[in-house]
Amino acid sequence: MAKVTITITMKPTLLDAQGRTVEGALKAIGYDDVAGVRVGKVIELEVPGSDVATIEATAAEMCDRLLANPVLEDYRISVTL
Amino acid sequence: MSIPTIGVVVFPGSNCDRDAEAAWTELGFGNVKMLWHQDTDLTGIDAIIVPGGFSYGDALRAGAVAAMSPVMDAVADFAADGGPVAGICNGFQILCEAGLLPGALTRNSGLTFVCKPTVLKVCTDDSPFLFEYEVGGNVIIPIAHGEGRYVCSPETLAELEENDLIAFRYAENPNGSLADIAGIIGGPDRNVLGMMPHPERAVSEALGSTGGIPFFVSLAGAIQQTLNEVTVG
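Those sequence lines, one after another, are chains A and B.
The first sequence runs contiguously to residue 81 in the working numbering.
The second sequence runs contiguously to residue 1233 in the working numbering.
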């Protein structure tokens, strides 16, 4: 089984309300210089196979159909055999 | 003569389904058939409401999982044939996720769940759900959502504005929605409506507002017109 890690983040053009709030909290506890905080989600899954390109294509299809919303989000796929 | 029958879709986690049913039946417009998320037979149904709630616990994104359910394929076919379909709150999120309406709804800009009456400006009356509203007028309908911030691409927004597809705008934006959008129209015959405010919660003075009544009166009229055409035809 190959392990697939999908990282989904809000598009940079959109307000990430959670990221902004977390950034404020980090500043409040002393990390004054922190910037660009974005909160996303990570989805891990396992699929059979050993061909990375095929697995990436399948994972991208999963993202396009369900896991990510193209209006809101970008995704990155990482495959570990 | 057949009795106007609306279908109300029920997902695990829907919680405004009975409110929608009550609004339709208690205002005396006809019957309601509750449609389970696995149903695919829409025979005898004149219009569909996809109600509010937290389908599938908002897993992944609000409406994302519900949009994949069998009933939504049937609803998409129904909408493609011109059948009236309204998505309210979570229903709006589901219609966007299912691709029946453009854009998406995401976390309120203030992060809080907002539950209060809102003043809406009616932007168009050209839809089976809207023709009893007065364009340019204000109506009070409550909202209750944490993920109601409407977003779409600049191209989509231009398309919505040019084609008169914005149904309602907030008088005071409660959630950061693009262009104050509270509801939009789509579908081949302007027959699909999505809106975050809850018209089914605004059908009696006892509920605090009657701003939702024209929604149901419009729909009843549209259905009656279709039924008459079928009878005459």
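Heads up, a few of these hints could be off.
[Claimed, not checked] So the derived list for chain A, only partly shown, Cβ under 10 Å to chain B, looks like this:
hint, residue
1, LEU15
2, ILE43
3, SER50
4, LEU72
What the hints contain is simulated information worked out from the structure, not anything from laboratory work.
Note that this is a predicted model, so its numbers are computed, not measured.
Glycine included, C-beta positions come from ideal geometry on N, C-alpha and C.
We went through each hint and held it up to the structure:
1. LEU15: Hint holds; LEU15 of chain A Cβ to chain B Cβ min 6 Å, cut 10 Å.
2. ILE43: holds (8 Å)
3. SER50: violated (28 Å)
4. LEU72: holds (5 Å)
Checked against the numbered hints above, the structure violates only hint 3.
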